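Number of protein chains: 2
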Amino acid sequence: MNEDQLYAMRHSLAHIMAQAVQHLWPEAKFGVGPVVENGFYYDIDLGETKISEADFKKIEKEMRTIINKDYAFERSEKGIDEALEWARDAKQPYKVELLNDLKREGTTLASELDAAMMGMELPAGISGAAHDSVKSVVDVSFYTDGDFTDLCRGPHAESTGKVGVFKLMRVAGAYWRGNEKNAQMQRLYGVAFASQEELDVYLNMLEEARKRDHRKLGKELDLYTTSPLVGVGLPMFTPRGTILRDKLAAYSNQLREQNGFEKVWIPHITKHNLYETSGHWDKFGDELFLVESQETSDKFAMKPMNCPHHTQIFASQPRSYKDMPVRYLETTTIYRDEKTGELGGLNRVRSATQDDSHVFCRLDQIEAEVNGLMGAARQLYESVDLKLRVRLSYRDDSDAYLGEPELWVSAQAQLKAAVEANSLQYFEEEGEAAFYGPKIDFMATDAIGREHQLATVQLDFVQPKRFELEYTDENGEKQTPVMVHSALLGSIERFLSVFIEHTGGWFPFWLAPEQIRILTINDTVMDYVDEIKTVLSEVVLMKPLKYNEVRFTTDERNESLGKKIREATAMKIPVQLIVGPKDKESREVSVRTHSGEEKIALDRLADFLQEL
Amino acid sequence: MNEDQLYAMRHSLAHIMAQAVQHLWPEAKFGVGPVVENGFYYDIDLGETKISEADFKKIEKEMRTIINKDYAFERSEKGIDEALEWARDAKQPYKVELLNDLKREGTTLASELDAAMMGMELPAGISGAAHDSVKSVVDVSFYTDGDFTDLCRGPHAESTGKVGVFKLMRVAGAYWRGNEKNAQMQRLYGVAFASQEELDVYLNMLEEARKRDHRKLGKELDLYTTSPLVGVGLPMFTPRGTILRDKLAAYSNQLREQNGFEKVWIPHITKHNLYETSGHWDKFGDELFLVESQETSDKFAMKPMNCPHHTQIFASQPRSYKDMPVRYLETTTIYRDEKTGELGGLNRVRSATQDDSHVFCRLDQIEAEVNGLMGAARQLYESVDLKLRVRLSYRDDSDAYLGEPELWVSAQAQLKAAVEANSLQYFEEEGEAAFYGPKIDFMATDAIGREHQLATVQLDFVQPKRFELEYTDENGEKQTPVMVHSALLGSIERFLSVFIEHTGGWFPFWLAPEQIRILTINDTVMDYVDEIKTVLSEVVLMKPLKYNEVRFTTDERNESLGKKIREATAMKIPVQLIVGPKDKESREVSVRTHSGEEKIALDRLADFLQEL
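Quick mapping for you: the protein sequence lines, in order, are chains A and B. The numbering of the first sequence is the working numbering, which starts it at 1 and goes up by one. The numbering of the second sequence is the working numbering, which starts it at 1 and goes up by one.
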C-alpha cells in the first residue's frame with residue numbers, strides 16, 4: 001500500500017469513526033477530522049457527555065459494523081449556500097462556522113492555515129480549490145457512505161470495507177480551532193495500518209517507547225527535576241543529569257576544537273537593537289521573551305539564538321583574509337517562548353542549551369569548513385550509536401531567498417561535496433533551504449526506529465551583510481564573509497530526550513553518570529575495597545572523550561548482595577564490581593556488565609575499563 | 001595620624017575647598033561634601049559656569065591661602081528654624097531642602113540613608129542626634145572657619161593649618177541626591193594624606209593603576225569586547241578572554257570537586273513564585289530584571305542569585321542524614337539591574353558569572369564544610385598570587401537577625417575554628433553578618449596594594465526554612481538543614497577586572513590564553529618547527545589545573561625577529577620560543593620568558609614547561 005492509499009484509508013476511518021459516534025450519540029457535533037502520523041482523529045462535541053477509554057470497545061464495534069457493510073464512499077458537490085443549508089439542517093454548528101468563513105471571501109482560509117502550522121490540521125471537507133486563497137464563490141465537496149455524509153475534500157478508500165486495521169488510542173480535550181477561548185471538544189484518536197502485522201509492530205514500538213519515556217527514566221535515574229515555583233519547560237539538572245550534559249557538550253567541543261574552533265562567551269540578553277539590525281526583530285519579535293529594567297528605561301530581549309551576538313565578537317577586530325576562517329563555539333542557553341501546553345519533559349523546553357558554533361569564512365572555504373563539521377557530527381553520532389542520514393536542503397526557483405543565485409549554486413555544490421566526502425547517506429530537497437542560505441539537516445534513527453532531526457549545518461549569506469561584517473582580501477579590498485551556523489547535538493535538552501529513550505537509560509560507559517558501583521559481600525573486604533578505589537581513582541578514560549575521570553561509588557551497606565545488585569541494576573550502572581572474601585584472596589574482582597559477569601585480576605582492571 | 005584624625009582632616013579640606021570655591025565664585029550653591037576613601041568631595045552648583053581641570057591650580061592656591069591663615073574650626077548650634085533662616089539668608093537652596101526634610105519629622109532621614117547605601121554619602125551638617133530616626137525637633141550644628149560657615153556634624157581638625165597635604169583630582173557631573181530628575185551639580189574631588197610622602201605613594205599607585213587599567217588591557221590583549229547593539233554592562237568574551245574565564249572556573253571547580261561538590265544546572269529565569277517563597281521578592285523585587293512571555297501570561301524574573309533554584313534540586317529527592325552534606329556547584333550567570341552610570345569594564349556588569357556553590361548540611365557539619373571551602377579558597381588565591389585575609393562577620397545584639405541565637409553561637413564558633421585551622425589572617429566584626437547568617441568575606445590584596453572583596457562563605461538559616469527543606473535524622477525525625485553559600489572567585493568578571501590589573505596582563509603560564517609563541521628566524525627551520533609543535537601538542541599541564549593542554553601559536557612571517565619579539569611581548573606571551581638555524585642544528589630552542597632567555601634542549605622542553 002503506498003502513502004496515498006494509506007492516507008485515503010486513514011481519512012476514511014476518520015469518517016467511519018464519526019459515523020459510529022453519531023450512531024451511538026446522535027446529538028454529536030463534529031469539528032475537523034484529519035489524518036495524522038500513523039492514524040487519524042476527529043474533534044467531537046458531545047456537550048456534557050464525556051467519552052472515556054471504556055467507550056472505545058463499543059465505538060470500535062460500531063465501526064466494524066459499518067466496515068462490514070462495505071458502503072461505497074460517494075463524492076458529490078454543492079454550492080456554498082446549499083452546503084450551508086445542509087450543515088444547518090444537520091445541526092452541525094462547527095461545519096456552519098467553517099462554511100461561513102469560507103463564504104466570507106475565503107478570509108479564514110489564511111487563519112485556518114495558520115492554525116494548521118500551529119499543529120492543528122486543516123479541516124477535512126474544504127474543496128481543493130479553496131486552497132487558492134481568495135475565491136469568493138466556491139464549490140464544496142461532500143462524501144457519503146451509507147447514512148453518513150460529511151463535507152470533505154477527499155480522497156477516500158473505495159468503500160468502508162477497504163480500510164485496513166485500526167485501533168482507537170486515546171481521547172483528549174482540544175479547543176475548537178486551537179483557541180482556548182473557544183468551546184472545548186473531545187479529540188478522539190485512532191491509528192491504522194494496512195495489515196495487523198504492521199499495527200502490531202507499531203503498538204510494540206509504542207509500548208517500548210512508553211517503557212523508555214525519558215520523563216519516566218529522568219525521574220527513576222535522578223537526571224533532572226522541575227519545580228512549579230520555577231515554571232514548566234524550565235528543567236533543572238541534578239548532579240547525574242549534569243554529568244550527561246557536561247560530558248556530551250565537552251565531547252562536542254572536543255570534536256570541534258580539533259577543527260580549529262575556539263570558545264567564546266556571550267550574555268543571555270541583549271538590547272533590541274541587535275535583533276533590529278539582524279532582522280530577527282521583524283521576523284520573530286513577538287516570539288521573544290522581553291526583559292525589562294526597572295532601574296532604567298533599557299529594554300532587552302532574551303536571546304533565542306546566538307549568531308547576532310557572535311557577529312559582534314567577529315566585528316570587534318579588523319580581519320584579514322589570512323585570519324579566515326574565524327571559528328567560534330559556545331555551549332550556551334537560549335530562551336524561546338514556547339506555549340505552556342506544548343512543554344513537556346526535555347523534548348520541548350523554554351531553556352534550551354545549544355552546542356552552537358559559527359564559522360566566518362571566505363566563499364571558497366565553505367566546503368572545507370562543512371567537511372570538518374560533517375566529520376565531527378559523524379564521529380559524535382557513531383560514539384552514541386545513533387544512525388545518521390542527512391537532508392540537503394536547497395533553494396527552489398521562487399524569489400523567497402536572499403543572496404545572489406551564483407552564491408547559492410556554488411554553496412550548494414560545496415555542501416554536497418562535503419556530504420559525499422563523508423560517505424553519509426543523503427537525500428536532496430529543493431525549496432527546503434532557509435531564506436538566508438542552504439543547509440544540511442541530520443536525521444538520527446533511534447533504537448526503536450524513530451527518526452529525529454538533531455544536528456544542523458546552515459549557510460548564511462544574509463547576517464554578514466546586515467551587520468556589515470568584512471575582511472580585507474589579498475588586494476586590500478573589503479569583502480563580506482559567509483557564516484556557517486552549526487550545532488552537533490542541537491539542543492542538549494532535546495538530544496537527551498532522544499538519547500535517554502534510545503538507550504533506555506543504559507548509557508555507554510564513558511557517559512554514564514555513575515559508571516561503576518563496588519558492591520561488597522561483607523565487611524571483611526573493606527581494606528581490599530580501598531585498594532580497588534585507589535586503582536579506580538587513577539583511571540582516566542581518553543576515548544572518545546579525553547580526560548574523563550572514572551566515576552564510581554561504593555555500596556558497603558549491610559544488605560544482601562542480591563538487593564545491592566537489584567538496586568545498581570535499577571539505576572542502570574553499567575559496571576558493577578562485586579567484591580567478596582574470595583576475590584580479596586585471589587586479588588580479583590567480579591565484573592558485572594550488561595554482557596555478563598567475569599573475573600578480572602585487580603592489576604588488569606584499569607586496562608579492562610579503558611577498553612569498554 | 002589615626003583614622004579619626006585622617007577623617008577630620010579630609011572633612012576639613014572639603015570645607016576649605018568649598019570656601020575657596022565661594023571666594024572664586026561667590027554665587028556657588030553647595031550640596032553635600034563628605035569624606036570618601038583617600039579624600040573628599042563637594043557637590044557644587046555654579047549654574048552655567050563649569051569648573052575644569054584648568055581651574056584646579058587657582059582653587060588649590062586659594063585653598064592654600066585659607067590654610068596659611070590657620071583659621072580655627074568653631075562649632076555652634078542652632079534650632080532647626082534658625083538654621084533654615086541661616087540657609088535662606090546664605091542663598092543655599094540645597095541646604096534649605098535638607099533642613100526642611102529634616103524638619104518634616106525626620107522623614108527624609110530614611111531616604112537619605114537609602115541614598116547613602118546607593119553610594120551617595122550622608123550630607124555633612126546633620127547633627128548626630130538626627131540619626132536616631134524620628135525626632136521632630138532637632139538641633140543642627142555648624143562649623144565656622146574664617147569667613148565660611150557650613151552646617152556640619154563634624155568632627156574637624158583644630159584649624160585650617162592642620163590638614164596635611166592634598167591635591168584636587170577631578171571634577172564630574174553628579175545629580176543632586178543621585179536622582180537623575182534633579183539638578184546636575186559638579187562634584188569636585190580631592191585626595192589628602194598626612195604627609196607628602198604618603199600622597200606621592202598614592203599618586204604613584206594611581207599612575208600604576210592607570211597603566212594596568214583592565215579596560216585598556218582588555219582591548220590591547222583582545223580579552224573581551226562590548227557592543228552598543230547589545231548594551232553596556234554586557235561584555236562578550238573573545239577566544240582569549242574565554243580561555244581565562246574557563247580555566248579559572250575549571251580550577252575553582254576542581255578545588256571544590258576534590259571536596260565532594262557535584263555540578264548541577266539551572267535555567268537563568270524563574271517564575272516570581274520562587275522568589276516570593278524565598279523572600280527575595282519582598283526585599284529585592286524592584287531590583288530584578290523582569291521577563292515577560294508574549295505567548296502566554298507567564299511572568300518571570302532573571303535570576304540575580306542561584307540559591308533558590310538549587311534548593312529545588314535538593315528538594316527533588318527525600319534526603320537522609322546519611323546523604324548529608326549535599327554539595328552543589330555551578331558556574332552560571334546571574335543578572336542584576338545595575339544602573340547604567342555605574343557600569344564599566346568588567347568591574348561592574350549586568351551579567352555576572354558566579355562560581356557559586358551551596359552545601360546543605362547538618363548543624364554539626366558546618367565547621368568541616370567551611371574548612372574545606374577555606375582550604376579551596378586559600379589554594380586558589382595562592383595559585384594566582386593574591387594575598388588573602390578574611391573578615392569574620394558576626395551578628396550583634398540587635399533583633400535584625402533571623403534564626404535562633406544558639407544556632408548563631410554554634411555557627412560563629414565553627415566559622416572561626418575553620419578560619420584558624422587554615423592559618424588565615426583574620427579580623428572579626430560584630431554587626432556585619434547577613435540577616436540570614438554569619439559569613440566570612442575574603443579580602444585579596446593586589447600587586448599595587450589595593451584590597452578587593454572577592455570570595456565569600458555565608459551561612460544561611462533562613463532559606464532552608466522558607467523552602468521547607470528537610471532531611472530525616474537518625475531517629476526518623478524531620479530536620480531542617482543549614483545552607484552554606486560560597487563562591488571562590490566571586491563573579492568571574494569582577495575577579496578578572498582585579499586579576500588583569502594585578503598581573504598587568506602578564507598572566508601566570510598555566511592561565512595565559514596564548515602560552516607559547518614560536519618565533520622563526522627564517523624559513524630554513526620550518527621542518528624543525530614541526531618537530532617542536534609535535535612536542536608541544538603532547539604537553540598537558542597537571543598543576544595547578546589538571547588536563548591543561550598547552551596553547552601555542554607560530555609566527556613564521558617573513559619579518560625581523562625584533563619585530564616578532566616586540567609583538568609577542570606586547571601581547572604578553574609568557575613563553576617565546578626563538579628558533580633559528582643554530583637551534584635546529586643543536587636541537588635546542590631559545591626560550592624567552594619574563595625572567596630572561598635560555599637555551600633548552602628540545603627533549604627537555606616538555607619537562608621545562610611542566611615546571612614553569
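Wrong hints could be hidden among the right ones.
A pair holds if it fits inside one copy or across any two, identical chains being indistinguishable in the list.
The calculated DSBU-like cross-link candidates involving lysine-lysine, where the alpha carbons are at most 30 Å apart (straight line), are [said to hold, decoys possible]:
#, residue 1, residue 2
1, Lys162, Lys57
2, Lys543, Lys263
3, Lys283, Lys599
4, Lys263, Lys564
5, Lys465, Lys57
6, Lys563, Lys478
Just so you know, the hints here were simulated from the structure itself, not pulled from any lab data. What you are looking at is a predicted structure, and each value in this text was computed from that prediction instead of being measured.
Tested hints:
In this assembly of identical chains, Lys162 and Lys57 lie within 30 Å of each other by CA distance solely inside one copy; the values are 21 Å within and 102 Å between copies. Taking the shortest alpha-carbon separations for Lys543 and Lys263, both the intra-copy value of 22 Å and the inter-copy value of 22 Å come in at or below 30 Å. In this assembly of identical chains, the alpha carbons of Lys283 and Lys599 never lie at most 30 Å apart, being 62 Å within a copy and 61 Å across copies at closest. In this assembly of identical chains, the alpha carbons of Lys263 and Lys564 lie at most 30 Å apart only when taken from different copies (26 Å versus 43 Å within one copy).
Taking the shortest alpha-carbon separations for Lys465 and Lys57, neither the intra-copy value of 61 Å nor the inter-copy value of 52 Å comes in at or below 30 Å. For the homomeric pair Lys563 and Lys478, the shortest alpha-carbon distance between copies (26 Å) is at most 30 Å, but the shortest distance inside one copy (70 Å) is not.
Violation of the numbered hints given earlier is confined to hints 3 and 5; the remaining hints are satisfied by the structure.
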